[in-house]
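Colleague: The listed protein sequences correspond, in order, to chains A and B. FYI, UniProt numbering numbers position 114 of the first sequence as 114, with every residue one higher than the one before it. FYI, UniProt numbering numbers position 199 of the second sequence as 199, with every residue one higher than the one before it.
Please keep in mind that the hints were generated in silico from the structure rather than gathered at the bench. Among the clues, some could well be false.
Any copy will do: because identical chains look the same in the list, a pair fits if it lies in one copy or spans two.
List of simulated lysine-lysine pairs, DSS-like, C-alpha gap at most 30 Å [what the hints assert, rightly or not]:
1. K260 - K188
2. K162 - K259
3. K259 - K68
4. K192 - K35
5. K257 - K180
6. K180 - K260
7. K180 - K259
Bear in mind that the values here come from a model prediction, so they are computed numbers and not experimental data.
Number of protein chains: 2
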Amino acid sequence: MKRSERLIAMTNYLIEHPQQLVSLPFFTESYQSAKSSISEDLGIINDMFQKEGIGRLQTVPGAAGGVKYIPANSDERSESFADELANQLEDPERLLPGGYLFMSDLLGDPQTVRNIGRLFATHFANHSIDVIMTVATKGIPLAYAVASFLNVPVVIVRRDPKVTEGSTVSINYVSGSSRKIQTMVLPKRSLKQGANVCIIDDFMKAGGTINGMRSLLDEFEANVAGIGVLAEAEDEEEDRVVEEYVSLLQINNVDIKNKKIEVHRGNMFSK
Amino acid sequence: MKRSERLIAMTNYLIEHPQQLVSLPFFTESYQSAKSSISEDLGIINDMFQKEGIGRLQTVPGAAGGVKYIPANSDERSESFADELANQLEDPERLLPGGYLFMSDLLGDPQTVRNIGRLFATHFANHSIDVIMTVATKGIPLAYAVASFLNVPVVIVRRDPKVTEGSTVSINYVSGSSRKIQTMVLPKRSLKQGANVCIIDDFMKAGGTINGMRSLLDEFEANVAGIGVLAEAEDEEEDRVVEEYVSLLQINNVDIKNKKIEVHRGNMFSK
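Working from the sequences, and respecting the hints, build out all of it.
Modeller: Listed below in structure tokens is the structure:
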């Protein structure tokens, strides 16, 4: 196979298999090419991925080694994406009762969701994450987007058990802002003891829901390896029950009376 | 920029922007290359995408023209993926009360979900779809996977309204198998009149839920442009209230007593 063809096929393969170790023999056999050619191709791809700001190739030496595509946004790409998103969210038409923001249109766009996922995956790339966890419903697309770049499975916490999930573990927790007692369930088969779990959600006010997920992880004897939220309501900072988290956006000064709202980059960018 | 570098950058760009018309000037400016070189590159990429069985490039001529990546599985890839999935689902450990199957582990794997999405997107590529619709919770990841390859937004039907979605339209419907009356809601802002909607869900027994979504679409004066389900319970065929649909898998002969189950390719492969 010609180099030009190989570069296309290998680029596609690596992009579709992020964070997966691919052995060199896999490429030499798939494309009927010498090891030296494949190595040279990988060098070109690595340079180009970095130039484009989409990540890099990691080489693992030795007999069991190979190459792994680590998706990672350049800072420039991350910042300009966050600013663009913030800008879209500042539209006063989005204001809903209770200081919530209508975000379903943005969260309904697969390209936007994928970009958000890439950003969190960049942040959590070195956190040795085994599983992404989220709570139904809005966090689900974000969780899958992050998971697809980290190459780990997703588990979904629900408010009520469903027959299609088999036996479940449930906990009660106090919602941070409304102070109501709520329930969360997770299928028994979904988490292994000692798993490193990254919690992803779309919105955090006081953080009660995320705290609930933390209690649920305790039941499974699993660890919180990271917490990422798309948007945090900054005005709620005083009552916050969750401390260690990263946010992509911060929503400040929600002024329902004058229909004004400010959205800034989240704490992910100051860390 | 050298051809080898350009091919990598363009392959990445096209894969990340499926079903989007990209003008030639965008490429010539991004990569500082002549139009003739870019055209030649696109020819090589098109050939290679087809050889790899992942889709093709469509050229749109004229001043407003350009090139569009149409993701599409080769039949061979689709069939072998469906068979592999069927094989995994035939594990008797998956049997749950009521003839349901535990699928959360498979639906929790982003790579599997993405492959399912690619398969439906291949099937619906020529159906002029504007929106993908699904119902919370399990259909969500599948809906996003399909939508990402078709480059259209997703709207999510819920069982109960949520403050973060603004005002909603709700309907009551009769669940096909349990004959219970249930409710479905969709935010008012989520669908335009006349939109062509593709319904995606994970599992269909009698089809009551999908029928409910159809009634909801009537309320919005939107059209059903397609229905896709990951797995259908074939034994329920007699009671089925939905006719025009494609399934990726069919579940037959669920024998709870002897812990046996058969899973075959769905009707997508016989159409």
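Colleague: State for each hint whether it applies.
Modeller: We went through each hint and held it up to the structure:
1. K260 - K188: between (45 Å within a copy, 23 Å between copies)
2. K162 - K259: between (40 Å within a copy, 21 Å between copies)
3. K259 - K68: For K259 and K68, neither the intra-copy (48 Å) nor the inter-copy (41 Å) Cα distance is at most 30 Å.
4. K192 - K35: neither (39 Å within a copy, 54 Å between copies)
5. K257 - K180: Answer is within; shortest intra-copy Cα gap is 27 Å, inter-copy 43 Å.
6. K180 - K260: within (29 Å within a copy, 44 Å between copies)
7. K180 - K259: Answer is within; shortest intra-copy Cα gap is 28 Å, inter-copy 42 Å.
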